[in-house]
Amino acid sequence: MKLPLIDAIWRVRGEVLIDPALSPDEAFARLDPLLRTAGTTLNVAGSTLTYAKHNPAAQDKLATFTRGNMWVERVGAEAVLRFDLFSHALLLCFLAPLLFLGFAQLAIAINDWEKAGAEVSEKAKDDAKPKPVKKLNPVDEFLGAPAPEDPSKKKDKKKDEGRHSPDKGYFMAGLFALIYLVGRWLEPWLVRRRLRAALAGPPPAI
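The working numbering applies: residue 1 is where the sequence shown begins, and numbers increase by one.
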């Protein structure tokens, strides 16, 4: 069962026009310097090239796409190199917002639970006589001493301490969603540009 909309989350497909005079072997030979990097295994079968990357270096121009297939097809008088690439990075950037949204919802649930416990505790103290607000004696008041803190205000302040804010979770979810959207548009464009440049370059020296 194929789910193209879900599949498109982490897979990138496209094509690049190539010189019709190039055979598949010649096209793959021009791509070899781009693909043959540390941690990359290549396999060519007929007109199809398959590669897989294991812990690619940051300098690897195709590090975002950890595995993929490329093949040459004839379309009338023209020839195209088609590609189908898989990206773990795009998948992780897509899943990260869901994780941080989960953290945000967990913070809200903890706050609700703590609030319910605090309300039960407050009800138990409803019958207790509120503490009177202490007053300054005339001498201290004349000298400008600060007034004693209201016990009820102090209680409200303590109630707000230790709250679990979901804001950081929402912020990180939005950040990774933005990274995914930018990467989902930018990375395929970069792949096409790099493949086009490699195929248009001179054949590798023998």
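No lab work stands behind these hints, which were simulated from the structure alone.
You may find that some hints are simply not true.
Keeping only pairs whose Cα atoms sit at most 20 Å apart, straight-line, the calculated DMTMM-like set for lysine to aspartate or glutamate is [stated by the list, open to error]:
#1 Lys61 - Asp84
#2 Lys115 - Glu187
#3 Lys61 - Asp32
#4 Lys61 - Glu15
#5 Lys61 - Glu187
#6 Lys168 - Asp112
Simulated restraints on C-beta separations [said to hold, decoys possible]:
#7 Asp25 - Phe171: 47 to 57 Å
#8 Leu99 - Leu190: 23 to 33 Å
#9 Ile110 - Val44: 52 to 62 Å
#10 Ala116 - Asn55: 39 to 49 Å
#11 Trp113 - Glu15: 31 to 41 Å
#12 Gly201 - Ile110: 49 to 59 Å
As the structure is a computational prediction, the values presented were derived from the model and not from experiment.
We treat Cβ as the ideally placed atom computed from N, Cα and C, and that holds for glycine.
Hint check:
1. This hinted pair checks out: Lys61 and Asp84 have alpha carbons roughly 16 Å apart, not beyond 20 Å.
2. Between the alpha carbons of Lys115 and Glu187 the distance comes to roughly 46 Å, so the proposed pair goes past 20 Å and is violated.
3. Only pairs whose Cα atoms come within 20 Å are accepted, and Lys61 paired with Asp32 is accepted, the gap being roughly 13 Å.
4. Our distance criterion of 20 Å between C-alpha atoms is met by Lys61 and Glu15, whose separation comes to about 18 Å.
5. The suggested pairing of Lys61 with Glu187 holds, with an alpha-carbon distance near 10 Å, which does not exceed 20 Å.
6. Using a Cα cut-off of 20 Å, the hinted pair Lys168 and Asp112 holds, with the two alpha carbons roughly 18 Å apart.
7. A hinted range of 47 to 57 Å holds for the C-beta pair Asp25 and Phe171, which are about 51 Å apart.
8. Leu99 and Leu190 have their C-beta atoms about 26 Å apart, which keeps the hinted 23 to 33 Å range intact.
9. Distance hint check: the CB atoms of Ile110 and Val44 are about 55 Å apart, consistent with the given range 52 to 62 Å.
10. Look at Ala116 against Asn55: about 48 Å separates their beta carbons, and that is inside 39 to 49 Å.
11. The hinted range of 31 to 41 Å is not satisfied by Trp113 and Glu15, whose Cβ atoms lie roughly 54 Å apart.
12. With their beta carbons about 58 Å apart, Gly201 and Ile110 fall inside the hinted range of 49 to 59 Å.
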